[in-house]
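Okay, here's what each chain looks like letter by letter:
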Amino acid sequence: METEKTEYVDFAVTARKYKTLLTKKYQNRKAWVNPSPYEIQSIIPGTILDIFVKEGDVVKEGEPLLILEAMKMQNRIEMPFTARIKKINVEVGVKIPKDSLMIELEAVDNE
Amino acid sequence: MTLKKNILALRQKKAIVEKGGGDKAIEKQVAMGKMTARDRILALLDAGSFHEYDLFVEHEERNFGMDRKELPGDGVITGTGTMNGTPICIYAQDFTVMGGSLGLKHARKITKIMDHALKMKVPCIGINDSGGARIQEGIGALAGYGEIFYRNTMASGVIPQISVILGPCAGGAVYSPALTDFVFVVENISKMFITGPNVIETVLGEKISQEDLGGARVHAEITGNAHFYALSEMECIEQIKELVSLIPHSNQQKATSVEPKEPASKKNIENIIPADPKQPYDVREVIYALTDDSKFLEVHELWAANIVIGFGRLNGETIGFVANQPMYLAGVLDCDASDKAARFIRYCDAFNIPIVTLEDMPGYLPGVDQEHAGVIRHGAKMLYAYSEATVPKITVILRKAYGGGYIAMNSRHLGADFMLAWPSAEIAVMGPEGAANIIFRKEIMEAEDEDAMRQQKVQEYIEKFANPYVAASKGYIDAVIEPLETRDMLLHALEVSKNKDDHRPAKKHGIPPF
Chain C
1 METEKTEYVD FAVTARKYKT LLTKKYQNRK AWVNPSPYEI QSIIPGTILD
51 IFVKEGDVVK EGEPLLILEA MKMQNRIEMP FTARIKKINV EVGVKIPKDS
101 LMIELEAVDN E
Chain G
1001 MTLKKNILAL RQKKAIVEKG GGDKAIEKQV AMGKMTARDR ILALLDAGSF
1051 HEYDLFVEHE ERNFGMDRKE LPGDGVITGT GTMNGTPICI YAQDFTVMGG
1101 SLGLKHARKI TKIMDHALKM KVPCIGINDS GGARIQEGIG ALAGYGEIFY
1151 RNTMASGVIP QISVILGPCA GGAVYSPALT DFVFVVENIS KMFITGPNVI
1201 ETVLGEKISQ EDLGGARVHA EITGNAHFYA LSEMECIEQI KELVSLIPHS
1251 NQQKATSVEP KEPASKKNIE NIIPADPKQP YDVREVIYAL TDDSKFLEVH
1301 ELWAANIVIG FGRLNGETIG FVANQPMYLA GVLDCDASDK AARFIRYCDA
1351 FNIPIVTLED MPGYLPGVDQ EHAGVIRHGA KMLYAYSEAT VPKITVILRK
1401 AYGGGYIAMN SRHLGADFML AWPSAEIAVM GPEGAANIIF RKEIMEAEDE
1451 DAMRQQKVQE YIEKFANPYV AASKGYIDAV IEPLETRDML LHALEVSKNK
1501 DDHRPAKKHG IPPF
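Sequence order for the protein chains is C and G. Quick note: the first sequence, position 105, residue 105 per our numbering, numbers continuous. Numbers given in our numbering equal positions in the second sequence, counted from 1, plus 1000.
Worth flagging that the hints you see were computed from the coordinates, not collected in a lab. Treat the hints with care, as some may be off.
Restraint-style ranges between C-beta atoms, simulated for each label pair [unchecked claim]:
hint : chain 1 : residue 1 : chain 2 : residue 2 : range
1    : G       : R1068     : C       : K24       : 49 to 57 angstroms
2    : G       : F1064     : C       : K72       : 19 to 27 angstroms
3    : C       : K24       : G       : A1178     : 16 to 24 angstroms
4    : G       : G1022     : C       : I43       : 47 to 55 angstroms
5    : G       : N1251     : C       : G93       : 54 to 62 angstroms
6    : C       : G56       : G       : L1231     : 53 to 61 angstroms
7    : G       : N1006     : C       : K72       : 51 to 59 angstroms
Away from chain G, derived, C-beta distances all over 10 angstroms, residues of chain C [what the hints assert, rightly or not]:
hint : residue
8    : K54
9    : E55
10   : D57
11   : K60
12   : E61
13   : N75
14   : R76
15   : I77
16   : E78
17   : I85
18   : K86
19   : E91
20   : D99
21   : M102
22   : D109
Below 16 angstroms or equal to it, Euclidean Cα-Cα: the simulated EDC-like pairs (lysine to aspartate or glutamate) are [what the hints assert, rightly or not]:
hint : chain 1 : residue 1 : chain 2 : residue 2
23   : C       : K54       : C       : E106
24   : C       : K60       : C       : D109
25   : G       : K1267     : G       : E1285
26   : G       : K1278     : C       : D10
27   : G       : K1019     : G       : D1039
28   : C       : K19       : G       : D1282
29   : C       : K17       : G       : E1433
30   : C       : K95       : G       : E1201
31   : G       : K1266     : G       : D1293
32   : C       : K98       : G       : E1206
33   : C       : K95       : G       : E1206
34   : C       : K98       : G       : E1201
35   : G       : K1112     : G       : E1058
Don't be surprised by glycine CBs; every beta carbon is placed ideally from N, CA and C.
Take the sequences, apply the hints, and build the full model.
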């Protein structure tokens, strides 16, 4: 493996920092972000077949939001808890990758 | 009346079939920068040693106009030969014949030569260059793949199985290489994936080139599916020959030993490793300083570079080396490194190759991605592989041996036969900074100058515990040796363990954390 000896970086393992090189795979790893319950993301890449809600709607827990077709299966995406639809980022017919933000929610304050 | 006429007829018949897909198709193959299937076999084997089987096998498909199609050899060349004297069973898919597509007879030619290899206890080499299943044959092609996978599994750990990817290898076809011991790939030529770029784009809308999805470099560096990476077919062929010279023909034999040689490396082994445990170096320099003629055939050179595995010789005998690599990711263990080492340890154990472990590691790689990727399950594979192995197991602790990593890197507790440590070794439950922060938390917090107290306590800990003598006082280390004594100690340990006899409880098989 070709070595670029000049590019040693500080690499923390527990309480100590070591001088070392990073692998390409390590550099390209995805940083973890704490998922927000108010963001409905696609769990699989696919196509939006149908959308049942509009922005501003208050939707009850368990009611359908949209149909995401992936691998010939029609996945019914349901409301995780009762909330208002703040923003819809997808349209019927579009193809979306995995982890794309489909719908944003906001809390219903006047319960 | 002589047989001359019949002999001439045979020669004519052979000449036609041996041309495979014919001149035009061969021209195309060469234009793609690829060798023909026959040339590949001839380049791999000793001159004049190749003997072909089943040259005249024909397919039996009658649907979709296949009854009018002649496919010479049914798109695969099979046979036996020798490689530097080692008997070999070999097959090569012929892309010039209907894209090397796999039909039932094509598969049966392969399974026949695999059965032969298993019975004769010789290595089996498969060269893959195929567009995939022959769709016209439908389920027959699937049956063919399944029969190959079954035999790959039966032969696993009995005879060496080598896969060479010299063209496309897509869909179900990829699973035969995945089941074999070593996979070789060549830049720009090898392409391996389950679903190709077209399907991925249609179904998911993700656009990617064949090369970026499953090219040689991707499998050598990112997925770890490939063990050896070459820039040309000829380089690949040389790599295969070198590997075959180092491994035994079957699990009932030992690797062929050669004339012992002193290391060629002129580097003083004492000067390779910096005394400061935070400074990196290339652990392969230590291996070169130990092996005969300083030769080392690295396996998985690009993937999980934070651990180094490969074969070298000591006193003429093949040895498997496992070494932490401080130059990459400080030599930590992570999911990939554990998978890489564990499989190699099991390979060595299956094929009677003693294992030398060189240890210098700060611990496991911290991070959400590692934990969520299952570093517990992956890391456990190493514990399993070392504990299970009955070949001679020798460990040399060069520098750091902290915590769980100390246990995992073939410690005495997992059944190491010889535990050696250099005087620079630090065998401790964790790095001094971390340990001092926990043990002396109260003193540090109550001190007027916390940093000064912390430094003092870290220093105390280093003096007391960051050495090999605590472990040696408990007998967990057999000997603390000088770096210059290492090669002689290894040779001695191997000599002593020549007739090692170690048994495991009778079982059908264990349940390793796959």
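So which of the earlier hints does this model not fit? none
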